[in-house]
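From just these sequences and the hints, can you work out the full model?
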Amino acid sequence: MGQVMLFFFGVSMWLLGCRWITHSAEAQVIGVNYGLIGDDLPSPDKVIALYASRSITRLRLFNPNATVLEAIRGSAIEVILGTYNEELQRLGTDASYAADWVQTNVAPYASSVRFRYINAGNEVIPG
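Mind the numbering: the sequence shown is residues -27 to -1, 1 to 100 in mature numbering (1 follows the signal peptide of the UniProt record, and there is no 0), read in order.
No lab work stands behind these hints, which were simulated from the structure alone.
Just so we're clear, the structure is a prediction, and the values are computed from it rather than from any experiment.
Treat the hints with care, as some may be off.
As the list claims (entries may be wrong) - Restraint-style ranges between C-beta atoms, simulated for each label pair: (1) 88 x 11: 39 to 49 Å; (2) 61 x 22: 11 to 21 Å; (3) 61 x 26: 29 to 39 Å; (4) 67 x 27: 19 to 29 Å; (5) 26 x 85: 13 to 23 Å; (6) 15 x 68: 35 to 45 Å; (7) 66 x 90: 18 to 28 Å; (8) 72 x 28: 16 to 26 Å.
Virtual Cβ for every residue (Gly too), placed ideally from N, Cα, C.
As structure tokens, this is what we get:
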């Protein structure tokens, strides 16, 4: 029961509302949002082990977090990596900054983390 509570509340994941399903005769793939805002959260190593034990193979990380990306290394988990909203304007207007962002947040992990997408921001309000 404690592990189930941890799964749903401690890590801020929503399996029902935030899942990606691949429709095929062979398999369904479930993905979750990995939230990092909260108190007394489990370590990324424990979270990734829990995902693996539940056959979760996709996750959305709202912004680059080196500790989480290190924990994902070598796993079968595909990652949608987000950017901070505050970075959006500069990422969109400064090619050098965007290239540096990729070199800092993606390139060091690219050989051992399965990046599926880079997501630009989260719940962005224009203006």
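Right, here's what the structure says about each hint:
no. : hint                : in the structure
1   : 88 x 11: 39 to 49 Å : violated, 25 Å
2   : 61 x 22: 11 to 21 Å : violated, 33 Å
3   : 61 x 26: 29 to 39 Å : holds, 35 Å
4   : 67 x 27: 19 to 29 Å : violated, 40 Å
5   : 26 x 85: 13 to 23 Å : holds, 20 Å
6   : 15 x 68: 35 to 45 Å : holds, 38 Å
7   : 66 x 90: 18 to 28 Å : holds, 21 Å
8   : 72 x 28: 16 to 26 Å : violated, 36 Å
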